[in-house]
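Asker: Using the sequences and the accompanying hints, generate a full structural model.
Just so you know, we're using our numbering here: the sequence shown kicks off at 1 and counts up by one.
Simulated from the structure, these hints should not be mistaken for lab results.
Keep in mind that the hints are not guaranteed to be accurate.
To be verified - In silico DSSO-like cross-links for lysine-lysine, where the CA-CA straight-line distance does not exceed 30 Å:
no., residue 1, residue 2
1, K255, K92
2, K255, K130
3, K255, K270
4, K213, K92
5, K199, K255
6, K199, K270
7, K67, K106
8, K213, K199
9, K255, K213
10, K67, K116
11, K278, K92
12, K69, K92
13, K92, K201
14, K201, K130
As the list claims (entries may be wrong) - What follows is a set of in silico ranges between Cβ atoms, one per label pair, in the way DEER data are often shown:
no., residue 1, residue 2, range
15, D185, M58, 30 to 40 Å
16, E63, H104, 17 to 27 Å
17, E259, D60, 42 to 52 Å
18, N222, G59, 37 to 47 Å
19, Q152, K255, 18 to 28 Å
20, E233, K213, 11 to 21 Å
21, S100, R208, 20 to 30 Å
22, A267, S44, 25 to 35 Å
23, G193, R114, 31 to 41 Å
24, V118, D185, 19 to 29 Å
The structure presented is a predicted model; accordingly, all values stated were derived computationally and were not measured.
Where is the CB? At the ideal position from N, CA and C, for every residue including glycine.
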Amino acid sequence: MNEMMPVSDIATPKLPTLPDAQTVTQVTHWTDRLFSFRMTRPASMRFRSGEFVMIGLMGDVNEKTGKAKPLLRAYSIASPSWDEELEFYSIKVPDGPLTSRLQHIKVGDEIIMRPKPVGTLVHDALIPGKRLWFFATGTGFAPFASLLREPQTYEDYDEVIITHTCRTAGELTYGRELIEALEHDEMLNEVIGEGFWKKIKYYPTTTREQSAKMGRITDLINSGEAYAELGVEPLCPQNDRAMICGNLAFNLELKAMLEAAGLEEGANSKPAQYVVEKAFLD
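Answerer: Structural data, given as structure tokens:
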């Protein structure tokens, strides 16, 4: 895969005409497999950072009925709860029913959204701790893009560790640039506290292309290499809390690792020490 320079498109939104539709305000293509986009947010919509919504486009017209149905998929909201717009981070699947079309959206296009946010990657699903781990693969970084810009994250924890494992170095660009921008975000530094971003430890790795750090995060944790490089103690139920968002195999492997370390899975109805986003498949 060849890394592509991010390409952005920004314009003034127009009023939506489709039911439950919002207008695309910005599109950025990060690589030939990944893109992000921003769109208008309904004035009445409320959500917790880390949640997801159903979004999509209209499908083809059925020849028998003459009607079209919307193609909807669950997408984590990458923008924080206080943002005036909604941001999403997506993979491009050439033959995917939705993403084969979604990757071609432009500023001014309309996106259908069901404004009923849900999800488990929220602070309410965790009991208090000292250190918060975000474990992500690919576009599983999206909910953490929201939580990394959420003031409560830094109010609740002394340290925030974000691990992001991708196939190539170019696929780390979205997350890296977002984290680097926090240092210069005047509003967040004022609201959360000057230098809040110093609580973050960012640990990006690749599995197929040479980069500063190669390897699967699960292997690097099991070997103790990740702990040594991050300068932290191994996971323990007294201090550590975790959120997981990645492909199914990754989620299951990390769940087993966390439970072996003594952490218990939580939920909105019963907060505990770690949570997994079951709706996301990278």
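Asker: Now tell me if each hint is right for this structure.
Answerer: Structure-based check of all given hints:
Proximity of K255 to K92 is assessed by CA-CA distance (about 27 Å); at most 30 Å being required, the pair is judged to hold. Among the hinted pairs, K255 with K130 is consistent with the structure: their alpha-carbon atoms are about 20 Å apart, no more than 30 Å. As the CA atoms of K255 and K270 are separated by approximately 17 Å, the hinted pair is consistent with the 30 Å bound. Between the alpha carbons of K213 and K92 the distance comes to roughly 25 Å, so the proposed pair stays at or under 30 Å and holds.
With a C-alpha separation of about 25 Å, the suggested pairing of K199 with K255 holds against the 30 Å cut-off. Between K199 and K270 the CA atoms are separated by roughly 27 Å; this keeps the pair inside 30 Å, and the hint holds. A distance of roughly 24 Å separates the Cα atoms of K67 and K106; the hinted pair therefore holds under the 30 Å criterion. Of the supplied pair hints, the one linking K213 and K199 holds, its CA atoms being roughly 21 Å apart against a limit of 30 Å.
Between the alpha carbons of K255 and K213 the distance comes to roughly 23 Å, so the proposed pair stays at or under 30 Å and holds. For the hint pairing K67 with K116, the CA-to-CA distance comes to about 25 Å; that is within 30 Å, so the pair holds. Of the supplied pair hints, the one linking K278 and K92 holds, its CA atoms being roughly 20 Å apart against a limit of 30 Å. Straight-line distance between C-alpha atoms of K69 and K92 comes to about 21 Å, which keeps the hinted pair within the 30 Å bound.
Of the supplied pair hints, the one linking K92 and K201 holds, its CA atoms being roughly 29 Å apart against a limit of 30 Å. Between K201 and K130, the direct Cα distance comes to roughly 14 Å. Compliance with the 30 Å bound is thereby established for this hinted pair. Taking the beta carbon of each, D185 and M58 are about 36 Å apart, inside 30 to 40 Å as hinted. The beta-carbon spacing between E63 and H104, approximately 23 Å, falls within the hinted interval of 17 to 27 Å.
The hinted window of 42 to 52 Å between E259 and D60 holds, with their beta carbons roughly 44 Å apart. A hinted range of 37 to 47 Å for the beta carbons of N222 and G59 is consistent with their spacing of about 44 Å. For the hinted restraint 18 to 28 Å between Q152 and K255, the CB-CB distance of approximately 24 Å keeps it satisfied. E233 and K213 have their C-beta atoms about 20 Å apart, which keeps the hinted 11 to 21 Å range intact.
In this structure, S100 and R208 meet the distance hint of 20 to 30 Å, their C-beta atoms being roughly 23 Å apart. Between A267 and S44 the beta carbon distance is about 26 Å. The supplied range of 25 to 35 Å therefore holds. At about 36 Å, the beta-carbon gap between G193 and R114 stays in the expected band of 31 to 41 Å. Between V118 and D185 the C-beta distance comes to about 28 Å, which sits within the given range of 19 to 29 Å.
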